[in-house]
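Kindly produce the complete structure, drawing on both the sequences and the hints.
Here the protein sequences come in this chain order: A and B. Take 1 as the starting number for the first sequence in our numbering and just add one per residue. Take 1001 as the starting number for the second sequence in our numbering and just add one per residue.
Mixed in with the good hints there might be a few duds.
Okay, the calculated beta carbon distance ranges per label pair [unchecked claim]:
| no. | chain 1 | residue 1 | chain 2 | residue 2 | range |
| --- | --- | --- | --- | --- | --- |
| 1 | B | G1048 | A | N153 | 33 to 43 angstroms |
| 2 | B | E1034 | A | Q311 | 52 to 62 angstroms |
| 3 | B | E1034 | A | R135 | 15 to 25 angstroms |
| 4 | B | A1160 | A | Q311 | 46 to 56 angstroms |
| 5 | A | W332 | B | S1109 | 26 to 36 angstroms |
| 6 | B | G1048 | A | G205 | 48 to 58 angstroms |
| 7 | A | G205 | B | K1007 | 24 to 34 angstroms |
| 8 | B | E1034 | A | P72 | 39 to 49 angstroms |
| 9 | A | G148 | B | E1004 | 34 to 44 angstroms |
| 10 | A | A47 | B | K1100 | 25 to 35 angstroms |
If you only want the chain B side, here are some residues facing chain A, beta carbon under 7 angstroms, derived [stated by the list, open to error]:
| no. | residue |
| --- | --- |
| 11 | Q1044 |
| 12 | S1082 |
| 13 | L1161 |
Computed far set for chain B versus chain A, every beta-carbon distance over 10 angstroms [stated by the list, open to error]:
| no. | residue |
| --- | --- |
| 14 | Y1006 |
| 15 | E1034 |
| 16 | G1036 |
| 17 | Y1037 |
| 18 | E1040 |
| 19 | E1041 |
| 20 | E1059 |
| 21 | T1065 |
| 22 | V1072 |
| 23 | T1092 |
| 24 | I1103 |
| 25 | D1111 |
| 26 | D1136 |
| 27 | D1152 |
| 28 | G1157 |
If you're looking for bench data, these hints aren't it; they were derived computationally from the structure. Heads up, the beta-carbon is just placed ideally off N, CA and C, and yes, glycines get one too.
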Amino acid sequence: MPKHEPVLLKNMLQPGYTGSLAEYERAGGYQALKKVVGKVAPADVTAMVIKSGLRGRGGAGFPTGVKWGFLPKDYQGPKYLCCNADESEPGTFKDRQLMERDPHQVLEGIALACYAIGSETAYIYIRGEFVLGSRILDKAVAEARAAGYLGRNILGRGINLDIWVHRGAGAYICGEETALLESLEGKRGLPRVKPPFPATSGLYGKPTVINNVETLANLPHIVNRGPEWFASIGSPPKSAGTRIFCVSGHVKRPGNYEVPMGVTCRELIFEHAGGMRGDKPLKAFIPGGASAPFLTPDHLDVKLDFESVAQAGSMLGSGGVTVMEEGTDMVWAALRLMEFFHHESCGKCSPCREGSSWLVQTLRRILAKRGRMEDLETLVQLCNNIAGRTVCAFGDAEVAPILSTLKYWRPEYEALIREAEAQRAHELPMAAARH
Amino acid sequence: MLREKYKTEIEEILSRYPVKRSALLPLLYLAQREAGYISEEAMQEIAGLLRLTPPQVYETATFYTMLNLKPVGKFHLQVCKSLMCALVGSDTLIGWLEKKLGIKSGETSKDGLFTLSKVECLGACGTGPMMQINDDYYERLTEEKVDRILADLKRDGTSALKTGPFMWPEPNGAKP
Ligand code: SF4
Ligand code: FES
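Here it is as structure tokens:
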């Protein structure tokens, strides 16, 4: 069925592939590392990644090589690389598969990034719940070290690199770059005020790069096959390469599909994921994880690349595509996501901490048929007073479900409120006054 | 106590970080592994090991949902209730578990075997409804599967229905 060649999932699609070092090597693994370490100048590796057009796969989509370039050039002390494996965005489950099924691909990516930025220590910050993933990575690190790909004097070429797996302990916000650093330093995972940016003052105050798992997994392939090859996939120049889209919700075949960026939502949902479960009509979908605004069937021909999705009023985010069939209660859906955000707000900023609680309470009231029309205005006002007024992007993320469902399905909110009003009209005046 | 029992492991953990405090989460996990939860004494001992004040340890420990500051049952069942799992039936699953175990979410069964919790997204949204039991994931749950898992846990302390290295959809695409 796939018309394209999967890159990141290629090995694991081979029957019987276990992801051991021997099998990864047989599939061409660690060739990229051998090709560049001590042979190609680190700056040239960075230049190659810039030329490829690779952008971060974690959510923000920042150009990877450019990010590396922000590290101070002549800095002598230690620099760090953190692999962001804190996959927690509802709707997203791709990094887990990359780490559990082909861990060496991720490690080789980390090693290449460390070589490019001149770092001798990398931490894989993995969400605490991924116990199996952390064990698999630990084992892979030991294998790679024994084979001379990691540790002192890699491949006998005078380069050192240690990789450590560090388990988080259940906090969504630790996927935010600076919260991740705080957490790794043994503190509460509260985002830091930027600037300073991690590139100049990151882990332990040292220059630090934070890259997502999928981003790093792309590096061996860019080195092996060249930046031009990578830039020719997808919709370059802004959205080069493939993307692993995680499809969840009411489809026949939920799962991870690696496709070139720029395929349409329709193709992903109806061809790759097999279409709607029970063949009910599609009602809504989220194109990029819980932080991305909802879209409607009118957006099915939107291309899944950074620009097109943004133009449609949403974002590509983490690549989590959640599909909802006709009959899904959109006020309920907004509430479910809002409860998530309320639970996960780190509490540092009042608009986010308090606002998320008010949003949940208001939505619950409307859903319980105790709402009033003014509540809709209140919801919008609350959202406007949260977005853009917080330390981290979580504030913008948490208002997305509400604002987008209000935009497309406002009549559903209104119907619930009208029912509430009708009920109140039947109550005795005294009882009504108490509401 | 931890200091004596896990001397080499603690040293190995400390060697990974240039700053001692970074070892805090790994050491809290160690304490939790030892006793099933993190006691006040353990926090004080860890504070001593890392040259932190007890409040510094406490403030970190209370931030993270996976660190239990109170004892939980032998099996901690954590069911994801976030949107993607809810779309495919996690609410029904929670109801089923409550009925089977005779407890409400947030409670522990009388025999101390099971604690049931509702949690937010565990990164298994395409294979919902799902739950985590101690270190393991269980996915694409049905009522029948849940019954088997509970019986397995009671009998053997583990269940063959837990998820191995994750791949979804499976390459042959055949699995329902
Ligand atoms: S926006 Fe929310 S999550 Fe981000 S720092 Fe503020 S309180 Fe924390
Ligand atoms: S929504 Fe349940 S695991 Fe993500």
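TODO: Of all the hints given earlier, name the ones this structure violates by number, lowest first.
DONE: Hints 6, 10, 11, 13, 20, 21, 26 are the ones this structure does not satisfy, whereas the remaining hints hold.
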